[in-house]
Amino acid sequence: MRYTLASMDTSAAEGARFQFASDQSLLVYFGHRITLQAHERVRKLLRLLELQPLAGIRNLHPAYCSLLVKFDALRMGHDELEAILRKYLERLEEVTLPSPRHLEIPVCYGGEFGPDLGDVAAMHGLTPKQVMELHASVEYLVYFLGFVPGYAYLGELPEALVTPRLAAPRRRVPAGSVGIAGTQTGVYPFATPGGWRLLGRTPLAMFRPDGDSLSFLSIGDRVRFVPISPAEFAVRERK
Amino acid sequence: MKVIQVQAPGLLTAVQDLGREGFGPMGVSPSGAADPIALRIGNRLVGNAEGAAALEMTLLGGTFAFPEGAVLALSGSDFGAMLDEKPVELWTSFEARAGQTLRLGPTRSGARSYMCVQGGIAAKDFLGSASTHLLSGLGGHEGRALRKGDVVKIGEASGSYRKRTLAVKALERLSARKTLRVTPGPQGEWFPEASRRLFYSCAFRVAEETNRMGIRLQGEAIPMSPGDARQRETGRNACPTVGAGEMISEGVPLGAVQVPEGGLPIILFVEQQTTGGYAKIANVISADLSSLGQLRPRDEVRFERVDWETARSLLIEQERLLASEELIVK
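In order, the protein sequence lines correspond to chains X and W. Start counting the first sequence at 0; every next residue gets the next number (numbering that gives the first Met the number 0). Start counting the second sequence at 0; every next residue gets the next number (numbering that gives the first Met the number 0).
One chain only, chain W, in its complex shape (with noise of 0.2 Å):
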């Protein structure tokens, strides 16, 4: 069996692939990659189905050598990668001959890149799954990010190697955005006509304490007056507050904008809670969630909204996009 030897791990480097759906009533949220897009275009790139596990490097990515060679192909940001001494080509598979060492350093577009391997990650499943869920130390590679040291098995693979890239305007199509489009949240009306004005027409700035559960944001509170959602209490959306901008827990969705006591928004991402107990003013369409995963501290974000049957049809599209002929160029 073919294995990456991790010569240096990077900031923080771990098993993914889609998730684990379906585990919510025991608390579980799916994880899978930040940037599901990058990692399914990068399967694809080494003849991988879409879904297999490869390695999700953050901010930083690190040296892995190949003993036995592998075919490869890097996805979602930019960080600088060389073999050995060349300069390798993003979207593009490519061959690592059996002792060449692959160099990622820091980023220089976004938030995550994905190195894709011919026959994908051979992890152990959890629930059906490869992916790490670093909050509860389950799945991936001993359910933890990689560490020095660490030998990483590859999954068998029957195809040769072949070269293929993504065609540039898919890559143009799918590039991560700074504007995300949302659909109003389940308690959307429970902030004043102000706050949301606010909402939408800042510009908010990601956190540095920002990680798979959740990305938080700085810049204008977006205030919510218990006085006015105890109003709305006699109303048709009776509204269960306890404080300002709590209620009563309730499940909540991949890419839910919260507003917690103090007004500055917490998007909940891939290692998300599965229930709270905050307002949630608005949504981030599935379409912009790949997005979500490209997104660096100190980064500059602001919200768009659109409504139900927008949203749906960019997800068609996009998933067109994905699925069309044209995406891979041989």
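The shape of chain X in the complex, shown without the other chains (with noise of 0.2 Å):
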């Protein structure tokens, strides 16, 4: 396969490598690991391009270790638009990032909320309630939101947790679930096919598309997950 020789140029300094995705969109990595590093440029090149918009850029869609750039292909090139974010590279390191918001999302494990707890625990050769424990031990970092709507993808899980996704998604997972797939955990804002194993649910909304902010958390937020008993879940969900 031949790609023009900015699809594949890397540029030690900065340590960006861009991709043509599509004919109106160019991925920007950083790496190919999920690093904190990674993740500090995915969110400063965001940030710049949130500060000082580009004319011609569309959309934006930050990962771990990426960036994917939707542009108005009627405006400009993928060789113009990597030119221009080679500039904004270069000015990585004047953008400071916001100290992280600390924020805690209360989870009643097991049971119906938490079809997987027990598999989960069989796996790993602990009990239920170590899975819950060790869960809740750790803060977790937002590494970004994608898939739908205010889904966040957290990590690291403890490593006695890390378990493979489901071999076959289910077809329907109730809004609020939490979930655990590889590395990482997270919360589905709604009900949608999914193939993370379900420790419990949530009683908050993840997604809040009237309140000024959209989504419960940002990337960047560090998260920690209380246990609550389903009584407390009862009260909390009515509110």
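To be clear, the hints were calculated from the coordinates, so they are not data collected in a lab. Be careful, since some hints might not be right.
One side only, chain X facing chain W, incomplete, derived with CB under 8 Å [said to hold, decoys possible]: (1) His60; (2) Tyr63; (3) Pro208.
Selected chain X positions facing chain W (Cβ under 7 Å, derived; list incomplete) [what the hints assert, rightly or not]: (4) Gln23; (5) Ser24; (6) Asn58; (7) Ser65; (8) Leu67; (9) Ala72; (10) Gly145; (11) Val147.
Each pair of labels, with its calculated beta carbon distance range [claimed, not checked]: (12) Gly98(W) to Pro229(X): 54 to 62 Å; (13) Leu170(W) to Asp209(X): 37 to 45 Å; (14) Arg196(W) to Asp209(X): 46 to 54 Å.
Beta carbons are placed, not taken as given, at the ideal position from N, Cα and C, and that holds for glycine.
Got two chains here, each in a separate frame; can you build the complex from them with the hints?
Here you go:
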């Protein structure tokens, strides 16, 4: 397959690689590993593009170590966009990221809310209670929001809980379900199909179309899960 | 304010405009018309701005009454529309007098038909667009497909009725394609040569479980052996593969052809997920995205590879045609 020079070029100084994704989008990769350094670069480029928007850019899709930039193909081409983005990249060090917010998500673990809690425990030789304690023991980073509105990709799971996703995804995962997959964990904001293993459910609304910020979680937030009882879940759900 | 009374909604009828771009960082995909060309032309036929909100019908149309009348145009596929007892011409504006009823049936051509109304559909904006995002229940008419008994408001319009028709030549050039032109996907090179050959030579069938999120295809599975992917991990195009076809999630463009485990391709569509973890072998070019909106279950599609320059010039040519004076005959 023949790519143009631009799509395979690597700049050691910036550590960014550009890849044509479609005829109206360009991917910027910051390495190919999920690292804090890559995450910060994604956030800084995203922030710079949000603070100083570029005419012709139509949308941005951040992820673990990449940013997909959708552009107006009638206004510019890949090469032109890449040249401009390289200038932005040179200024990444100037960008200061706001200090992270620390948030809590109440979760009722197990039972009908967490149908995979028992299986996950059995797979790791743990009790369901230990799985719950482990899952709630660490503070997670919101790497990005993606998939569906308000879906936050959280990492890293404690080593002892790293579990492959379900072989056959569920056709419908209820809204608020808290799942794990690989080294990630997350909350389903809407009822969608899904392949993550479900440990519990939160009564919080993750996506808030009437609110100022739309989503309960934002990229870069730090999050803890706090176990609650079914009774507490019922009370909070009514609010 | 004029209204449309929904007497029968059809299979899936929802308010759509050209969607909401710019909310990718929140995980919100643009949504919008599945066949934006049909929407744009339909709006021009009734004298609207081309991005005005209209009703998008899928496979089976509904029955609608206009108690105060309306100026309308139907675009996209032929759903056998009748205004009271009289057949309605597609791609041509017409007037429904007060009390008349428009009945549409099952499609006779592609998947979607648009009912554009002078003044546009007046729906509450969500993030700058009236389009319905069905999965999250946002936008459009109460965030959902229309139901029997719904009353949909029509926006204020200043113009009077004037007959406008789409030029025959333009219609021919803009008709929906079954051979989709694609550019290589960002992981195109991860697929063995034999898989790529298979992908570009086979016909695929559109699966029943196709929707606005994704168009699922059936046919030959396109293999991507994990062994092959791992070999590449040391190479320049380092491949962060964790399983067959799976990788570190990244942003995914509209029209991306992703190949999940099992090898049956899925084309990401207007209500797409914003990020995904499957390798993408190709991407439908912008000029052919509207054709995706007319694909019906069991339709046969093929993929044809074009280079980046061709993709760009096809889009420019299409936009030139859509902007031309000769597009609409008065």
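- Go through the hint on Gln23(X) and say holds or violated, using the shortest Cβ distance to chain W against 7 Å. holds (5 Å)
- With 7 Å as the cut and Cβ atoms as the points, is Leu67(X) at the interface with chain W? With a closest approach of 3 Å, the Leu67(X) hint holds.
- Do the Cβ positions of Leu170(W) and Asp209(X) conform to the proposed distance bound of 37 to 45 Å? For Asp209(X) against Leu170(W), whose Cβ atoms are near 43 Å apart, the range 37 to 45 Å holds.
- Message: Hint Ser65(X) vs chain W: min CB-CB distance below 7 Å?
- Response: holds (4 Å)
- Query: Does Ser24(X) pass the interface hint, meaning its C-beta sits closer than 7 Å to a C-beta of chain W?
  - Reply: holds (4 Å)
- Satisfaction of the Ala72(X) interface hint, Cβ to chain W closer than 7 Å: holds (6 Å)
- Using Cβ atoms only, decide whether Tyr63(X) comes closer than 8 Å to chain W, and label the hint accordingly. holds (5 Å)
- Interface hint outcome for Val147(X) [beta carbon to chain W under 7 Å]: holds (6 Å)
- Query: Between Arg196(W) and Asp209(X), does the C-beta distance stay in 46 to 54 Å?
  - Reply: holds (51 Å)
- Query: Close enough to count: is the Cβ of Asn58(X) nearer than 7 Å to one in chain W?
  - Reply: holds (4 Å)
- Does the interface hint hold: is His60(X) within less than 8 Å of chain W, judged Cβ to Cβ? holds (3 Å)
- Does the hinted range 54 to 62 Å hold for Gly98(W) and Pro229(X) at CB? holds (56 Å)
The structure shown violates none of the earlier numbered hints.
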